[in-house]
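Enquirer: Sequence:
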Amino acid sequence: MPSGPAFCTSRCDTARNSSQNLASTMSNLCSLRTICPESIHPDYFNPADYGLDLTTASNTLAMSQGFQAYLNQVGTNNFRGLGEFGTTLVQQWEVLEGLRNRTDPLKCSDKTPVNYSLIKLLQALSLLPTTTTSEWRSTKIRLRGTFGNHNLRSGESPSQFVAITDGQLQDKQTGNIKSVIKCERYPRNMMGKAVDMQEAASVVAWASQYPDTDRSINEHHRVLVSKYGSEIWITFAGYDNSWADYLDGRGGGGTRQPSLMTMQRYGPYDIGNRRQVLQVSTILLAISL
5 MPSGPAFCTS RCDTARNSSQ NLASTMSNLC SLRTICPESI HPDYFNPADY
55 GLDLTTASNT LAMSQGFQAY LNQVGTNNFR GLGEFGTTLV QQWEVLEGLR
105 NRTDPLKCSD KTPVNYSLIK LLQALSLLPT TTTSEWRSTK IRLRGTFGNH
155 NLRSGESPSQ FVAITDGQLQ DKQTGNIKSV IKCERYPRNM MGKAVDMQEA
205 ASVVAWASQY PDTDRSINEH HRVLVSKYGS EIWITFAGYD NSWADYLDGR
255 GGGGTRQPSL MTMQRYGPYD IGNRRQVLQV STILLAISL
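Note that the numbering used here gives residue 45 to position 41 of the sequence shown, counting from 1, and the numbers run on in steps of one.
One thing to keep in mind: the hints can contain errors.
To be verified - Heads up, simulated PhoX-like pairs for lysine-lysine below, C-alpha to C-alpha not over 25 Å straight-line:
| id | residue 1 | residue 2 |
| --- | --- | --- |
| 1 | Lys144 | Lys115 |
| 2 | Lys144 | Lys182 |
| 3 | Lys111 | Lys176 |
| 4 | Lys176 | Lys144 |
What the hints assert, rightly or not - So the derived label-pair ranges between C-beta atoms look like this:
| id | residue 1 | residue 2 | range |
| --- | --- | --- | --- |
| 5 | Gly179 | Arg104 | 35 to 45 Å |
| 6 | Asn76 | Val166 | 36 to 46 Å |
| 7 | Gly276 | Met67 | 37 to 47 Å |
| 8 | His225 | Gly253 | 16 to 26 Å |
| 9 | Asp53 | Thr178 | 23 to 33 Å |
| 10 | Val94 | Ser220 | 39 to 49 Å |
These are calculated hints, taken from the structure and not from any lab test.
Yeah, the Cβ is synthetic: ideal placement off N, Cα and C, and Gly gets one too.
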(Lines of atoms letter the chains of each structure in order from A and count residues from 1; the text may use other names and numbers.)
(Lines give C-alpha, C1' and ligand atoms only; values in the text may rest on other atoms or scores of the structure.)
Protein backbone atom coordinates (compact mmCIF):
# COMPACT_ATOMS: atom_id res chain seq x y z
CA MET A 1 0.00 0.00 0.00
CA PRO A 2 1.39 3.50 -0.87
CA SER A 3 2.95 5.53 1.89
CA GLY A 4 0.33 8.32 1.89
CA PRO A 5 -3.01 6.77 2.90
CA ALA A 6 -3.34 5.68 6.53
CA PHE A 7 -5.02 6.30 9.86
CA CYS A 8 -4.19 7.19 13.44
CA THR A 9 -4.89 4.62 16.12
CA SER A 10 -5.29 4.91 19.87
CA ARG A 11 -3.74 1.50 20.59
CA CYS A 12 -0.26 0.07 20.26
CA ASP A 13 -0.03 -3.66 19.73
CA THR A 14 3.48 -4.87 19.15
CA ALA A 15 2.79 -8.57 19.60
CA ARG A 16 3.33 -9.37 15.93
CA ASN A 17 5.07 -6.21 14.72
CA SER A 18 8.62 -5.09 15.24
CA SER A 19 9.01 -1.54 16.54
CA GLN A 20 10.28 -0.50 13.12
CA ASN A 21 7.26 -1.92 11.28
CA LEU A 22 4.86 -0.42 13.81
CA ALA A 23 6.47 3.00 13.44
CA SER A 24 6.17 2.72 9.67
CA THR A 25 2.52 1.71 9.94
CA MET A 26 1.71 4.56 12.32
CA SER A 27 3.47 7.06 10.07
CA ASN A 28 1.50 5.71 7.13
CA LEU A 29 -1.81 5.91 8.93
CA CYS A 30 -2.06 9.48 10.13
CA SER A 31 -2.77 11.27 6.85
CA LEU A 32 -6.26 9.76 6.58
CA ARG A 33 -7.23 11.37 9.88
CA THR A 34 -8.96 8.23 11.12
CA ILE A 35 -8.95 6.89 14.65
CA CYS A 36 -9.51 3.33 15.77
CA PRO A 37 -10.64 3.23 19.43
CA GLU A 38 -10.66 0.14 21.60
CA SER A 39 -13.21 -2.48 20.56
CA ILE A 40 -16.51 -2.54 22.44
CA HIS A 41 -17.81 -5.83 23.83
CA PRO A 42 -20.92 -7.23 22.08
CA ASP A 43 -23.03 -6.81 25.23
CA TYR A 44 -22.61 -3.03 25.05
CA PHE A 45 -23.75 -2.49 21.47
CA ASN A 46 -26.46 0.19 21.31
CA PRO A 47 -28.37 0.06 17.99
CA ALA A 48 -29.82 3.54 18.56
CA ASP A 49 -26.32 5.00 18.15
CA TYR A 50 -26.49 4.03 14.47
CA GLY A 51 -30.18 4.45 13.74
CA LEU A 52 -30.86 0.72 13.83
CA ASP A 53 -34.05 -0.88 15.11
CA LEU A 54 -33.46 -4.52 15.99
CA THR A 55 -37.12 -5.32 16.68
CA THR A 56 -38.03 -6.58 13.20
CA ALA A 57 -34.80 -8.54 12.86
CA SER A 58 -35.21 -10.09 16.31
CA ASN A 59 -38.81 -11.14 15.61
CA THR A 60 -37.86 -12.56 12.21
CA LEU A 61 -35.15 -14.74 13.73
CA ALA A 62 -37.41 -15.86 16.57
CA MET A 63 -40.08 -17.03 14.10
CA SER A 64 -37.67 -18.78 11.74
CA GLN A 65 -37.57 -22.52 12.39
CA GLY A 66 -34.53 -22.82 10.13
CA PHE A 67 -32.54 -20.24 12.03
CA GLN A 68 -33.54 -21.64 15.42
CA ALA A 69 -32.51 -25.15 14.32
CA TYR A 70 -29.17 -23.74 13.15
CA LEU A 71 -28.72 -21.83 16.41
CA ASN A 72 -29.23 -25.02 18.42
CA GLN A 73 -26.39 -26.68 16.50
CA VAL A 74 -23.88 -23.79 16.58
CA GLY A 75 -20.42 -25.08 17.41
CA THR A 76 -21.26 -28.66 16.40
CA ASN A 77 -20.93 -30.76 13.25
CA ASN A 78 -24.62 -31.70 13.13
CA PHE A 79 -25.22 -30.28 9.66
CA ARG A 80 -28.24 -32.18 8.36
CA GLY A 81 -31.76 -30.81 8.13
CA LEU A 82 -30.78 -27.14 8.46
CA GLY A 83 -31.76 -25.92 4.99
CA GLU A 84 -30.00 -22.71 3.97
CA PHE A 85 -28.08 -22.66 7.24
CA GLY A 86 -26.67 -26.16 6.77
CA THR A 87 -23.90 -24.99 4.44
CA THR A 88 -23.16 -22.15 6.85
CA LEU A 89 -22.60 -24.60 9.69
CA VAL A 90 -20.43 -26.86 7.51
CA GLN A 91 -18.13 -23.95 6.69
CA GLN A 92 -18.09 -22.69 10.27
CA TRP A 93 -17.11 -26.14 11.51
CA GLU A 94 -14.23 -26.23 9.02
CA VAL A 95 -13.00 -22.91 10.44
CA LEU A 96 -13.28 -24.09 14.05
CA GLU A 97 -11.55 -27.40 13.31
CA GLY A 98 -8.86 -25.63 11.31
CA LEU A 99 -8.03 -23.33 14.22
CA ARG A 100 -7.86 -26.28 16.62
CA ASN A 101 -5.48 -28.06 14.23
CA ARG A 102 -3.58 -25.13 12.76
CA THR A 103 -0.23 -26.98 12.91
CA ASP A 104 -1.60 -30.03 11.07
CA PRO A 105 -1.18 -29.57 7.29
CA LEU A 106 -4.04 -32.01 6.63
CA LYS A 107 -6.57 -30.47 9.03
CA CYS A 108 -5.75 -26.76 9.13
CA SER A 109 -7.83 -24.27 7.13
CA ASP A 110 -7.05 -21.18 5.08
CA LYS A 111 -8.98 -17.98 4.40
CA THR A 112 -11.46 -19.69 2.05
CA PRO A 113 -13.89 -21.17 4.64
CA VAL A 114 -13.57 -18.04 6.79
CA ASN A 115 -14.80 -15.89 3.92
CA TYR A 116 -17.33 -18.41 2.61
CA SER A 117 -18.89 -19.13 6.03
CA LEU A 118 -19.53 -15.42 6.60
CA ILE A 119 -21.05 -14.93 3.14
CA LYS A 120 -23.30 -17.99 3.57
CA LEU A 121 -24.49 -16.75 6.97
CA LEU A 122 -25.24 -13.29 5.57
CA GLN A 123 -27.06 -14.68 2.54
CA ALA A 124 -29.08 -17.14 4.62
CA LEU A 125 -30.14 -14.34 6.98
CA SER A 126 -31.16 -12.07 4.11
CA LEU A 127 -33.47 -14.78 2.73
CA LEU A 128 -35.57 -14.87 5.91
CA PRO A 129 -37.63 -11.67 5.40
CA THR A 130 -40.43 -11.75 2.82
CA THR A 131 -38.93 -8.86 0.87
CA THR A 132 -35.52 -7.20 0.92
CA THR A 133 -34.04 -4.35 -1.10
CA SER A 134 -30.43 -5.47 -0.68
CA GLU A 135 -28.35 -8.59 -1.27
CA TRP A 136 -25.01 -9.89 0.01
CA ARG A 137 -22.65 -10.71 -2.85
CA SER A 138 -19.41 -12.71 -2.72
CA THR A 139 -17.90 -11.05 -5.81
CA LYS A 140 -14.87 -8.99 -4.87
CA ILE A 141 -14.91 -5.33 -5.86
CA ARG A 142 -11.84 -3.14 -6.40
CA LEU A 143 -12.27 0.23 -4.72
CA ARG A 144 -9.94 3.06 -5.66
CA GLY A 145 -9.07 5.71 -3.09
CA THR A 146 -8.00 9.14 -4.37
CA PHE A 147 -6.74 11.89 -2.07
CA GLY A 148 -6.85 15.55 -3.01
CA ASN A 149 -6.85 17.28 -6.39
CA HIS A 150 -4.34 17.51 -9.22
CA ASN A 151 -1.60 19.99 -8.30
CA LEU A 152 -1.40 22.38 -11.27
CA ARG A 153 1.75 24.06 -9.97
CA SER A 154 3.85 20.94 -9.41
CA GLY A 155 2.09 18.71 -11.91
CA GLU A 156 1.68 16.01 -9.27
CA SER A 157 -1.36 13.76 -9.46
CA PRO A 158 -3.41 12.96 -6.35
CA SER A 159 -2.33 9.95 -4.29
CA GLN A 160 -4.22 6.75 -5.08
CA PHE A 161 -4.48 3.19 -3.84
CA VAL A 162 -6.75 0.19 -4.43
CA ALA A 163 -8.59 -1.81 -1.75
CA ILE A 164 -10.27 -5.10 -2.66
CA THR A 165 -13.34 -6.23 -0.74
CA ASP A 166 -14.14 -9.82 0.23
CA GLY A 167 -17.80 -9.23 -0.63
CA GLN A 168 -20.37 -6.54 0.06
CA LEU A 169 -24.02 -5.70 0.68
CA GLN A 170 -25.50 -4.01 -2.40
CA ASP A 171 -28.81 -2.45 -3.35
CA LYS A 172 -30.63 -4.82 -5.71
CA GLN A 173 -31.75 -2.05 -8.05
CA THR A 174 -28.85 0.42 -8.13
CA GLY A 175 -25.93 -1.77 -7.07
CA ASN A 176 -24.94 0.85 -4.50
CA ILE A 177 -22.70 -0.56 -1.78
CA LYS A 178 -24.22 -0.53 1.71
CA SER A 179 -21.56 -2.49 3.57
CA VAL A 180 -18.18 -4.06 2.77
CA ILE A 181 -16.63 -7.32 3.99
CA LYS A 182 -13.05 -8.13 5.01
CA CYS A 183 -11.83 -11.59 6.05
CA GLU A 184 -8.56 -13.17 7.14
CA ARG A 185 -7.52 -16.66 8.17
CA TYR A 186 -6.51 -16.04 11.80
CA PRO A 187 -8.13 -14.29 14.81
CA ARG A 188 -7.67 -10.56 15.04
CA ASN A 189 -5.21 -10.60 17.93
CA MET A 190 -2.80 -12.63 15.80
CA MET A 191 -2.91 -10.21 12.86
CA GLY A 192 -1.42 -7.04 14.35
CA LYS A 193 -2.01 -3.46 13.20
CA ALA A 194 -2.07 -4.41 9.51
CA VAL A 195 -5.70 -5.52 9.93
CA ASP A 196 -6.76 -2.10 11.21
CA MET A 197 -4.98 -0.49 8.27
CA GLN A 198 -6.67 -2.79 5.74
CA GLU A 199 -10.11 -2.10 7.20
CA ALA A 200 -9.55 1.66 7.22
CA ALA A 201 -8.25 1.53 3.65
CA SER A 202 -11.39 -0.32 2.52
CA VAL A 203 -13.73 2.26 4.05
CA VAL A 204 -11.68 5.22 2.81
CA ALA A 205 -11.51 3.85 -0.74
CA TRP A 206 -15.26 3.21 -0.65
CA ALA A 207 -15.99 6.75 0.58
CA SER A 208 -13.57 8.18 -1.97
CA GLN A 209 -14.90 6.37 -5.04
CA TYR A 210 -18.55 6.54 -3.97
CA PRO A 211 -18.88 9.72 -1.86
CA ASP A 212 -21.99 10.72 0.06
CA THR A 213 -24.33 12.70 -2.18
CA ASP A 214 -26.41 14.33 0.56
CA ARG A 215 -24.22 16.96 2.24
CA SER A 216 -27.24 18.50 3.98
CA ILE A 217 -26.63 15.73 6.52
CA ASN A 218 -23.45 16.34 8.50
CA GLU A 219 -23.05 12.93 10.14
CA HIS A 220 -22.42 9.82 8.05
CA HIS A 221 -21.84 6.12 8.82
CA ARG A 222 -20.45 3.28 6.76
CA VAL A 223 -20.54 -0.34 7.90
CA LEU A 224 -17.76 -2.89 7.60
CA VAL A 225 -18.36 -6.54 8.52
CA SER A 226 -15.22 -8.57 9.12
CA LYS A 227 -14.36 -12.13 10.05
CA TYR A 228 -11.01 -13.21 11.40
CA GLY A 229 -10.83 -16.93 12.03
CA SER A 230 -13.85 -17.78 14.18
CA GLU A 231 -14.55 -14.15 15.15
CA ILE A 232 -17.06 -11.79 13.52
CA TRP A 233 -16.65 -8.04 14.02
CA ILE A 234 -18.90 -5.14 13.03
CA THR A 235 -17.34 -1.72 12.50
CA PHE A 236 -19.25 1.55 12.14
CA ALA A 237 -17.10 4.19 10.48
CA GLY A 238 -18.48 7.60 11.43
CA TYR A 239 -17.44 10.95 9.96
CA ASP A 240 -18.79 14.40 9.07
CA ASN A 241 -18.68 16.64 6.01
CA SER A 242 -15.39 18.19 7.10
CA TRP A 243 -13.62 14.84 6.88
CA ALA A 244 -15.31 14.08 3.54
CA ASP A 245 -14.08 17.44 2.23
CA TYR A 246 -10.56 16.57 3.39
CA LEU A 247 -10.77 13.25 1.56
CA ASP A 248 -11.69 14.79 -1.79
CA GLY A 249 -9.23 17.67 -1.49
CA ARG A 250 -11.66 20.44 -0.57
CA GLY A 251 -10.62 20.68 3.08
CA GLY A 252 -7.51 21.06 5.19
CA GLY A 253 -6.17 24.08 3.37
CA GLY A 254 -6.86 26.62 6.11
CA THR A 255 -5.82 26.91 9.71
CA ARG A 256 -8.72 24.76 10.93
CA GLN A 257 -7.87 21.07 11.00
CA PRO A 258 -10.36 18.71 9.36
CA SER A 259 -12.23 16.36 11.65
CA LEU A 260 -11.55 12.65 12.12
CA MET A 261 -13.27 9.50 10.98
CA THR A 262 -13.86 7.08 13.86
CA MET A 263 -13.86 3.34 13.16
CA GLN A 264 -15.81 2.02 16.15
CA ARG A 265 -15.56 -1.74 16.26
CA TYR A 266 -17.84 -4.19 18.11
CA GLY A 267 -16.87 -7.76 18.88
CA PRO A 268 -15.66 -10.36 18.81
CA TYR A 269 -18.73 -12.47 18.12
CA ASP A 270 -17.57 -16.10 18.29
CA ILE A 271 -19.20 -18.42 15.73
CA GLY A 272 -18.97 -21.24 18.28
CA ASN A 273 -20.98 -19.31 20.90
CA ARG A 274 -24.77 -19.54 20.46
CA ARG A 275 -25.54 -16.38 22.41
CA GLN A 276 -23.07 -14.32 20.41
CA VAL A 277 -24.22 -15.84 17.11
CA LEU A 278 -27.76 -14.70 17.95
CA GLN A 279 -26.50 -11.23 18.86
CA VAL A 280 -24.51 -10.73 15.69
CA SER A 281 -27.17 -12.33 13.45
CA THR A 282 -29.76 -9.86 14.75
CA ILE A 283 -27.52 -6.90 13.97
CA LEU A 284 -26.50 -8.23 10.56
CA LEU A 285 -30.11 -8.86 9.57
CA ALA A 286 -31.09 -5.36 10.70
CA ILE A 287 -28.30 -3.92 8.55
CA SER A 288 -29.56 -5.95 5.58
CA LEU A 289 -33.19 -4.78 5.82
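Enquirer: Hint by hint, note whether the structure agrees.
Expert: Hint-by-hint comparison with the structure:
no. : hint                           : in the structure
1   : Lys144 with Lys115             : 14 Å, holds
2   : Lys144 with Lys182             : 14 Å, holds
3   : Lys111 with Lys176             : 38 Å, violated
4   : Lys176 with Lys144             : 16 Å, holds
5   : Gly179 with Arg104: 35 to 45 Å : 39 Å, holds
6   : Asn76 with Val166: 36 to 46 Å  : 42 Å, holds
7   : Gly276 with Met67: 37 to 47 Å  : 25 Å, violated
8   : His225 with Gly253: 16 to 26 Å : 22 Å, holds
9   : Asp53 with Thr178: 23 to 33 Å  : 27 Å, holds
10  : Val94 with Ser220: 39 to 49 Å  : 47 Å, holds
In summary, the structure is inconsistent with hints 3 and 7 from the numbered list given earlier, while agreeing with the others.
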